Amino acid sequence: MKALLKWMALHVVLLSVMIGLWALAIQVFQVPTWILPKPSRVLAALSSGLLGGAYWPHIAFTVSAVVGGFAIGCSLAVVTAIAFVELPWLDRALNPYVVALQSMPKVALAPLIIVWFGFGLASKVVMVSLICFFPMFINTVVGLRATNPSLIDLMRVYSASRWRILSRIKLPSAAGHIFAGLQIAVMLSLIGAIVAEFVSSSRGLGYLINSAAVTMSTDTMFAGLFCLVVLGLIGSRLIRYLHHRVVFWEGRVDRTISE
Amino acid sequence: MDVLRIEDLTVTYASSRGSVAALQALTTRVADGEFVSILGPSGCGKSTLLKVVSGLLKPTSGQVQLFGTNVEGPRPDVGMVFQQPTLLPWKNVLENVLLPVRTLGLDIEAGRATALGLLKLVGLLSFAEHYPNELSGGMQQRVAIARGLIHDPKLLLMDEPFAALDAMTREHMQIELQRIWLAARKSVLFITHSIPEAVLLSDRVVVLAARPGRLIEDIRVELPRPRTIASMTDPRFAELTTHLRELVSTLVTFD
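Chains as they are written, first to last, in our numbering: chain A, 8 to 266; chain B, 6 to 260.
It should be emphasised that the hints constitute simulated quantities derived from the structure, not laboratory data. Here the structure is a predicted model, which is why all the values come from computation and not from measurement. Ideal Cβ positions, reconstructed from N, Cα and C, are used throughout, including at glycine. Keep in mind that the hints are not guaranteed to be accurate.
Here are the simulated distance ranges between beta carbons [to be verified]:
| # | chain 1 | residue 1 | chain 2 | residue 2 | range |
| --- | --- | --- | --- | --- | --- |
| 1 | A | S166 | B | T65 | 22 to 28 Å |
| 2 | A | Q109 | B | S20 | 28 to 34 Å |
| 3 | A | P95 | B | D37 | 38 to 44 Å |
| 4 | A | A107 | B | R80 | 30 to 36 Å |
| 5 | A | F255 | B | D37 | 41 to 47 Å |
| 6 | A | A107 | B | H177 | 54 to 60 Å |
| 7 | A | R171 | B | T65 | 48 to 54 Å |
| 8 | A | P95 | B | Q68 | 29 to 35 Å |
| 9 | B | D157 | A | R171 | 19 to 25 Å |
| 10 | B | G78 | A | A107 | 37 to 43 Å |
| 11 | B | E114 | A | H251 | 29 to 35 Å |
| 12 | A | L22 | B | E114 | 55 to 61 Å |
| 13 | A | R99 | B | R107 | 43 to 49 Å |
| 14 | A | R99 | B | Q68 | 47 to 53 Å |
All chains, full assembly: derive it from the sequences and hints.
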């Protein structure tokens, strides 16, 4: 408890110092607002946006796109990965196309996705799903293939069905890799949503930041960026927490008992 | 009746350099309650032999019979213990021992009672609720042995089960295994690279050569049981190990 309080105190002090230096630098170097807004103005933008309620529809929009796209993209990736691992002929047939699609930066597809799916939430969800898919797919395939072959042999000696080996042995073995993929995907989801909003949107944090550029309202932009940082932290923290709860057996090697 | 009978077993693999004979015309057997070690250099087909006996690999030719019936595929009357414990890290010790029971669809309640009895036998009853990564290598291997015995197989196949342990734990485990084997009275087919280990544990030692894998000698170990570390000072022990060492040294080639 003391350590936590110490940590919090340290960071409150550090943050205050940094914000203080920020305000001071603006004053001393006469930095124009369009380069660096005053911390007080960012704070004002944040309070009117969050407390006043102006930002919440945008936050809700971006979060919906991220959560929806993340769920769809990751589940599709796991299912496809299972298919590729269990059906080698599928892997052989489709592998070159997977590699080709993988090599292309998904964000380049954003304009096309907007054309196909419109300006609303749907196109953002599609973008996020696409950007999550490949890291999850690769991690799941690697995880499934990394299953200890002796374990599979053991199960075969006891006449286990393919399904049983997949669900009881391969998937749990791959859990570590899968969650590593989820951690990557959650970060990419945010990028995907924001990029899609930059290309064309009427709502969302990306839209907020982008449209603030037109009026050079850097205070709004900083406020928007701050919200994104918080969202990113929440997302990755959540996944990391789930990772440690579900894959509870990883990283406990320091607690061995000797005979 | 012989628990295991192998007649003229040949296993060839197709490789990029033509066909490779992993095992050639191997004939041997394991009698009821016997402890047989397979000793030989790398590449003598020991692991292939185990795969064929457990039904995971089909022989190219020859016959393998378990309890009088041909081995057509995996069957529940064999148990396996590998070099690595290969326990499921997400399940506790008791659940790991019960894995064959669940997979084979046997009665769980009866299985649970047997599992607890086996854990007591291997000396890990108080660790039943622990997870594998909380146990040392030797303890994990003991859990693997309990798991190998849970479904009451008549034949236990062990593929260098102590090779991954440090030397002291290994010696300790050898005596432990003998104690467990004397209590459970299973037939055992035991693969090892260690000559003293083979002589200490076995009723018979079968020596294989490599490339192609074939039987060189089948030696009976006439040392009284139960054997202890003290048995290693018995002159017959030294005789046997010396003979085996000389034999094996002619078989090991570094090419």
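Do the hints match the structure? See the list:
{"no.": "1", "hint": "S166/A - T65/B: 22 to 28 Å", "result": "holds, 23 Å"}
{"no.": "2", "hint": "Q109/A - S20/B: 28 to 34 Å", "result": "holds, 33 Å"}
{"no.": "3", "hint": "P95/A - D37/B: 38 to 44 Å", "result": "holds, 42 Å"}
{"no.": "4", "hint": "A107/A - R80/B: 30 to 36 Å", "result": "violated, 46 Å"}
{"no.": "5", "hint": "F255/A - D37/B: 41 to 47 Å", "result": "holds, 44 Å"}
{"no.": "6", "hint": "A107/A - H177/B: 54 to 60 Å", "result": "holds, 56 Å"}
{"no.": "7", "hint": "R171/A - T65/B: 48 to 54 Å", "result": "violated, 29 Å"}
{"no.": "8", "hint": "P95/A - Q68/B: 29 to 35 Å", "result": "holds, 32 Å"}
{"no.": "9", "hint": "D157/B - R171/A: 19 to 25 Å", "result": "holds, 21 Å"}
{"no.": "10", "hint": "G78/B - A107/A: 37 to 43 Å", "result": "holds, 41 Å"}
{"no.": "11", "hint": "E114/B - H251/A: 29 to 35 Å", "result": "holds, 34 Å"}
{"no.": "12", "hint": "L22/A - E114/B: 55 to 61 Å", "result": "holds, 60 Å"}
{"no.": "13", "hint": "R99/A - R107/B: 43 to 49 Å", "result": "violated, 34 Å"}
{"no.": "14", "hint": "R99/A - Q68/B: 47 to 53 Å", "result": "violated, 36 Å"}
The structure fails to meet hints 4, 7, 13 and 14 from the earlier list, while all remaining hints are met.
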